[in-house]
Amino acid sequence: MAPPAQSSRNPSPSQPSGKGEVSDLRSQLRQLAGSRAPGVDDAKRELFKKVISYMTVGIDVSSLFGEMVMCSVTPDIVLKKMCYLYVGNYAKVNPDLALLTINFLQRDCKDQDPMIRGLALRSLSSLRVANLVEYLVGPLGSGLKDNNAYVRTVAVMGALKLYHISASTCLDADFPAVLKLLMLNDSESQVVANCLSALQEIWNSESSTSEEAAREKEGLISKPFIYYLLNRLREFNEWGQCLVLELVAKYVPSYTNENFDIMNLLEDRLQHANGAVVLATIKVFLQLTLSMADVHQEVYERIKAPLLTLVSSGSPEQSYAVLSHLHLLVMRAPYIFASDYKHFYCQYNEPSYVKKLKLEMLTAVANENNTYEIVTELCEYAANVDVAIARESIRAVGKIALQQYDVNAIVDRLLQFLEMEKDYVTAEALVLVKDLLRKYPQWSHDCIAVVGNISSKNVQEPKAKAALIWMLGEYAQDMDDAPYILESLVENWEEDAPEVHLHLLTAIMKCFFRRPPETQKALGMALAAGLSDFHQDVHDRALFYYRLLQYDVSSAERVVNPPKQAVSVFADTQSNEIKDRIFDEFNSLSIVYQKPSYMFTDKDHRGPFEFSDEIGNLTVGAESEHVVPATSVDANETSDLLLSTSEKEETRAMVADGSDYTAPFYDSSNPALPLQSEPAITGLLGAADPGPQASTAIDDLLMGLDLTAPPAPASAPPPLKLNARAALDAGSFQKKWRELPVAMSQECELGSQGAAALTSPQALLHHMQANSIQCIASGGQSPNFKFFFFAQKADEPSVFLVECKINTSTTKAQLNIKAEDQSTSHEFLALFQSALSRPEAAIMALAAAWRRVSSSATGVATQSLPDCFRFKQRSFCSSATAVASADTLLAKLLQLSTSQIKRALDSVVAGRSSDLAVSESLVASLASSSPQKAKLILEWRLERMLNDGEKDRSLYSNLISLCAKIRNVPLAMTMFTSMEDRGIQATASVFNSLIHTCLSSNEVITALSLFEVMESSETFRPDSETYDTFISGFSNFRDTHRMRAWYQAKREAAYLPNALNYESLISCCVKVNDFDSADLFYNEMMAQGIAPSEKILDSVLEGLCKRRNCERVKEFVNFLMECRFEISGRLIEKVVKLYCELEKPDEMEMLLDALVEFNQVGEALLQVHCGIIRLYASLDRLDDVEYTVGRMMSQGMSFSSPGDVERVISAYFRQEAYDRLDLFLEHVTRYCKLTRSTYDLLVAGYRRAGLTEKVDSVVKDMESSGALAC
Amino acid sequence: MPVAASAIYFLNLRGDVLINRLYRDDVGGNMVDAFRMHIMQTKELGTCPVRQIGGCSFFYMRISNVYIVIVVSSNANVACAFKFVVEAVALFKSYFGGAFDEDAIRNNFVLIYELLDEIMDFGYPQNLSPEILKLYITQEGVRSPFSSKQSLDKPVPNATLQVTGAVGWRREGLAYKKNEVFLDIVESVNLLMSSKGSVLRCDVTGKILMKCFLSGMPDLKLGLNDKIGLEKESQLKNRPTKSGKTIELDDVTFHQCVNLTRFNSEKTVSFVPPDGEFELMKYRITEGVNLPFRVLPTIKELGRTRMEVNVKVKSVFGAKMFALGVVIKIPVPKQTAKTSFQVTSGRAKYNASIDCLVWKIRKFPGQTEPTLSAEIELISTIAEKKSWTRPPIQMEFQVPMFTASGLRVRFLKVWEKSGYNTVEWVRYITKAGSYEVRC
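Line by line, the protein sequences give chains S and B. Here the first sequence stands for residues 1 to 1270, numbered as in UniProt numbering. Here the second sequence stands for residues 1 to 439, numbered as in UniProt numbering.
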């Protein structure tokens, strides 16, 4: 037996651990061994007790084996027993020493005292040493024939033990036959009972191999044998009766009245004081009457009273066991228990597991007569202190409502719940109202009136939020501000769970068809956000809706908004077959677990218990605590089902798998839509005709709604004036940054509110822009961001360059300023700081405006960014440059009507050099909001080029690829033809641009025909770039098949694949979960010596993580570090997440060591630190948490997100380690500020623990820290 | 198989092993760790007494400051397992003289190991009857009736017969000078009353406890004023039922000594009692319950910081009787700052640890109605929302010589071969079970 690790690690004072004690004991034992002095037995007893107490707490005293055996030669029976216990415990690990004991045990087996004979025989058979079985057979054989019943009972069990050590020895000695004989003839009921247990076990496991055993097993439930047992039933003690009754339940009566005879015989057992006997009897009754429906009902009536008695007597654990059975019966025959509903009322002090079962039964027995009372009672529980039970009871009310009894009263109650103003009550009630409306749409009027008053901000739980959103979408026409609420929800997209996103998309679609003008903006935003979402389902659904709209708006409406029918029956969670199986296993664990035994004992009899594979599946309640998780899985299931069925109608056509695009409604042309096409979404909506109301002037509508960015509040005019329209391209920025020395370097305080307002870096960028400071590149992840800014003096071309590192958790900013004009750098610093320190108001106002722009501009400026920033930029939108330079013009254009655009452009852009850049960024920004204007710009640009007699092919080519942004193939074609008209020869690159545009616009056929043209021509044969375009295009469609075909084609055309190709290939393969191919490509690339880009590494890692292949992830990360790649935070985040899921703190520690070893710094290191802490916190390993936090802090790093802090705090609360929590908080607040939610958590935790002083002090802290204000 | 327990552990609240007994090899030694890690150290503790970890199921019960954990690897009989634990604890208690807690276990662990060996073999329950086990499991050890050192002239009862025996609950050859029988009817009243004073749920669970000091093998017969028994009696004796209250028992369970066959045919409770103390029968009644107390609370929340509580308790049993140890717990919000009371009887106190006003009345005569009126000041906190979930008022009491059900013993007859005279003592007492009044 392995010593329990914990107790030996932290020995309590009463549990010594040293080896000294053991050797002490040994010498004392030796002294006593031979002594026959009076009183020696008492001394021995004390010593033996010590030895056994050591053994119990897990100290290894097996080394005393010899001494113990020597001392055991004694007539004192207590000493003997202790010695037997000791021997039984250590014989298995010390088989050689065990041999020593055989002798004296065998002798004791022949003692004249039957007591000693029995004890010795039991010990002998409990040695569990396989090579000693030969010594066992003899004593067992005589034990079974012993004239004392006690010895026989022990011997019977001994035979069974022998069977488990060595089945063949047991069978060879013919013990089963002896046992059978005993079972049928012994006068002692306990001997018979033990024989029955033993034979059942033996024959059960033998029956699979031996026909004889199978026959014997059948014989156990034969009529003569069952009758024999029943006639002797009263002789058995309570446990024996349970055993017999269990067997009787399997018996099938041979004639009709036989079951009545048996039931009459057993009826008095229902009065037995032992609940186990009563339950066993009930099982017999139920099984015997299964085929006789009416008698079966009578049985229910008969067993009701004893069951209810059992429930109300005994410990809560016992009543739980009984209640589980009652629950099963109630579910099978609710009407029989309907009048007893009061028995299921909960008492205030009952444990929640009992309450939960009672709630379910109350739900089940509700009928027209008792609904009112039951619902009244349930409503009392909704105010219960136990939140989980409160939730359950609200759900129960809902379930009753769905059973359609007295819905009137219930709806009133539900609406009262909504007015209780408790978060969880509101949340549950919302889910309920939703289900209710699906079944009784006639109630919509009353419900919607109340639901409309609920602010979506007060609803946090995903399920509830989803329910609210569903109602907003479904009853959009009845709720005045539905579109606006939905819009505000989209604006806070990042805050919500994928589940909410899915509902949001659907609801907005529904709303759009009912109130198009008002919803248009929200729809655009939602689809864009959905397409860029990382969650696969959300992404797919957004894409699906997008394509549906693109295909045909009216069919889209038919799909999204079909005429709905009220749901009449909700699906049952368990099949009847499973229910029957559970019923057959009445009076066993199956009932408690509510699943048949094969579901949880499959791994049964697999020998010694192994944990390793299980631990990963056991979550330890890790989620952050401030929302108390809804505990019950069962209750959730129903609502899950509701949700999923609600989606079914809408998603019938939508096959979740991204590769299966050829759904019947889709165009026959090859499906193609690149992912970077978000900009065109709103354009598409504009083009689509959403309905009669929306047919007028969609353009104007768009302009009015989308892009009227509020004017940025001007900052106080500093002495230094900056050029608001400063322009600097990435190349020159990079050049200047390299050339100039650092003029100023300073750290400045950001202000906590400012930092809080900095929810996303975009907000800051826009704010700085309002202060005439432009951003050229930015990157990083919360809490660390890095920005490169530039500004230009108003009156001269001298520029300032700024590198700004911001840590939002410490609210500090590190500035490095370089200036062409060193003299003014101080003034600039002041200006910059002032802008940085009060971004709150501006940022708040601008954040919304920014999001609109950013969603449209994503990905535009990628190519134009300086190389040195490319590594970082991907983490978020980086189009700031383009937006910055074209900002003012953009704003102007937006206000103009379409007809005036060209003139405005003419007037603004005079010079030739900058206008291409301008039009490029303009197009990018306008593409999503106003594609028509973007198109006009492109046309204007084309006209100008034609007028100027431009001959440069690359300019045309650029222009054509810009058409991809607005997906306007005809325009691209026009450009192409007008170019050719001018006598400019087309080149491969021009064709490439055309193909790119076609692929972006989903025109695969056109792209293919263009390719054919290229192939047949002389001058512009397809080049490697052509193939690249196709590869990346199909990669964006996630069409691996074609992508690979094109890749193959490229190789056949004797072009070498480049890193970009592999990027497309690998990322696509990983996305469609084709990991083997991804690996293949990766290996191929490495073999060719192509250095992987970050995106490739990212994809490969993602693939490994998806496969949850810990070993390979580890290898891969090590490989990266050995190759001196800079590990980004994003990369490591994936790894950390994987380890956290797999609960592998050791792996993380190793990862951390490796990172330190390879001098990796910053983000990645922090991620790992936080990951380790998170994991330990979720495992409640407080010591480790404290150690790791200390380690992190000592390396100058601090928590990156309040979530981690909260996790740790929750762990303390779970462990009720309040003092340690204080220490931790003291430590943490030194390094970073706590957020509001953290304070809330603390308040809630202390309050739950009843520490009112703490609550007060936390509230005080919160007030003084200012967290309350924001 | 009803229960084939693989192991039994006794743990203290920290998770240290006090006792471990492995019966079968189909589970490993790290079961305690599994229990500690997955149940004790998580929120799981107390959410459900049956849990599956890995391939094993854990049944656990907390008894004072000890967890008793049974580990099984198969689809075992839960009710049986819990019953086994309860019986085993009763057995240990009878050995240590009452208490069962960590200290008692530490002091008696050798004895517990001995007992665990006897009451369960290879995972199957054996005999748990204290009367029998005490015959041969003793800490004195040498008192084994078969020990060769014992003088053989003294007749020893055949203990091993009873180890397994048919009349498991009584040994032969007992002799007392004074033959006495004590019989207690103990009822606990469970009540759930709404704030408006209507009874939502009310029932009585009663038990009849006996203490027998009788010689030989006596046969006892007990008559109650229950409906079925009386009807049957009048049927048998062919005379009309006597007037008077008859009680309808919803359900009855009996100690294993009661001859159930005879109960079913004749509706009389006849039995050969065990020696000493035991619980003869349990019953449950839902109809016609006389509530000993009525509670009439009025609680007013005056603004955010003040509350007014008025509670009137009315005793509705006979004026000559009285209740003892009456405790009324009136819940108040957590943020209670100051309380002031006026009571017409007894004493009241604010107990912050349970957030209750505790009003104690040591002796409470029948047909009286003392009142408590209290003013409560609350701390106003920002975060606390106004709604306070009002827990119910709870009440404890004992009313001697009163049964809420009205059950009475009509006769208790003792027959024994030798025909000695017996002295019978009958007591009645009604206690509060869960006596809750919502407010």
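I should point out that these hints are in silico values taken from the structure, not numbers from a laboratory. All residues carry an ideal CB built from backbone N, CA and C; glycine is no exception. Check before you lean on any hint, since a few could be wrong.
[To be verified] No farther apart than 27 angstroms at their CA atoms in a straight line, the calculated lysine-lysine pairs in the BS3-like style are these: (1) S:1254 x B:334; (2) S:50 x B:93; (3) B:134 x B:178; (4) S:1106 x S:1144; (5) B:334 x S:1260.
[As the list claims (entries may be wrong)] Among chain S residues calculated to face chain B with C-beta under 7 angstroms, some are: (6) 209; (7) 210; (8) 242; (9) 274; (10) 313; (11) 345; (12) 383; (13) 424; (14) 588; (15) 1140.
[Unchecked claim] Label-pair ranges, simulated between beta-carbon atoms: (16) B:341 x S:372: 56 to 64 angstroms; (17) S:185 x B:131: 25 to 33 angstroms; (18) S:147 x B:173: 18 to 26 angstroms; (19) S:372 x B:310: 41 to 49 angstroms; (20) S:536 x B:379: 36 to 44 angstroms; (21) B:353 x S:1146: 51 to 59 angstroms; (22) S:494 x B:340: 52 to 60 angstroms; (23) B:353 x S:372: 37 to 45 angstroms; (24) B:411 x S:349: 35 to 43 angstroms; (25) B:275 x S:147: 24 to 32 angstroms; (26) S:536 x B:101: 51 to 59 angstroms.
How the hints compare with the structure:
1. S:1254 x B:334: Between residue 1254 of chain S and residue 334 of chain B the Cα gap is close to 13 angstroms, so the pair holds against 27 angstroms.
2. S:50 x B:93: holds, 23 angstroms
3. B:134 x B:178: Measuring from Cα to Cα gives roughly 23 angstroms; hence the hint holds.
4. S:1106 x S:1144: With a Cα-Cα distance of about 16 angstroms, the restraint between residue 1106 of chain S and residue 1144 of chain S holds, given a limit of 27 angstroms.
5. B:334 x S:1260: Answer holds: residue 334 of chain B to residue 1260 of chain S is near 18 angstroms, not above 27 angstroms.
6. 209: Violated, about 20 angstroms.
7. 210: violated, 20 angstroms
8. 242: Nearest chain B Cβ about 4 angstroms off; hint holds.
9. 274: Because about 6 angstroms separates residue 274 of chain S from the closest Cβ in chain B, which is inside the 7 angstroms limit, the hint holds.
10. 313: holds, 6 angstroms
11. 345: holds, 5 angstroms
12. 383: holds, 4 angstroms
13. 424: violated, 12 angstroms
14. 588: holds, 5 angstroms
15. 1140: Since the shortest Cβ distance to chain B is 17 angstroms, the answer is violated.
16. B:341 x S:372: 56 to 64 angstroms: violated, 38 angstroms
17. S:185 x B:131: 25 to 33 angstroms: The hinted range 25 to 33 angstroms holds for residue 185 of chain S and residue 131 of chain B, with Cβ atoms some 28 angstroms apart.
18. S:147 x B:173: 18 to 26 angstroms: holds, 22 angstroms
19. S:372 x B:310: 41 to 49 angstroms: The hinted range 41 to 49 angstroms is violated for residue 372 of chain S and residue 310 of chain B, with Cβ atoms some 29 angstroms apart.
20. S:536 x B:379: 36 to 44 angstroms: violated, 50 angstroms
21. B:353 x S:1146: 51 to 59 angstroms: Roughly 43 angstroms apart at Cβ, these two residues miss the hinted range, so it is violated.
22. S:494 x B:340: 52 to 60 angstroms: Since residue 494 of chain S and residue 340 of chain B have Cβ atoms about 53 angstroms apart, the given range 52 to 60 angstroms holds.
23. B:353 x S:372: 37 to 45 angstroms: holds, 38 angstroms
24. B:411 x S:349: 35 to 43 angstroms: holds, 39 angstroms
25. B:275 x S:147: 24 to 32 angstroms: holds, 27 angstroms
26. S:536 x B:101: 51 to 59 angstroms: holds, 55 angstroms
Comparing the model with each earlier hint shows violations of hints 6, 7, 13, 15, 16, 19, 20 and 21; every other hint is respected.
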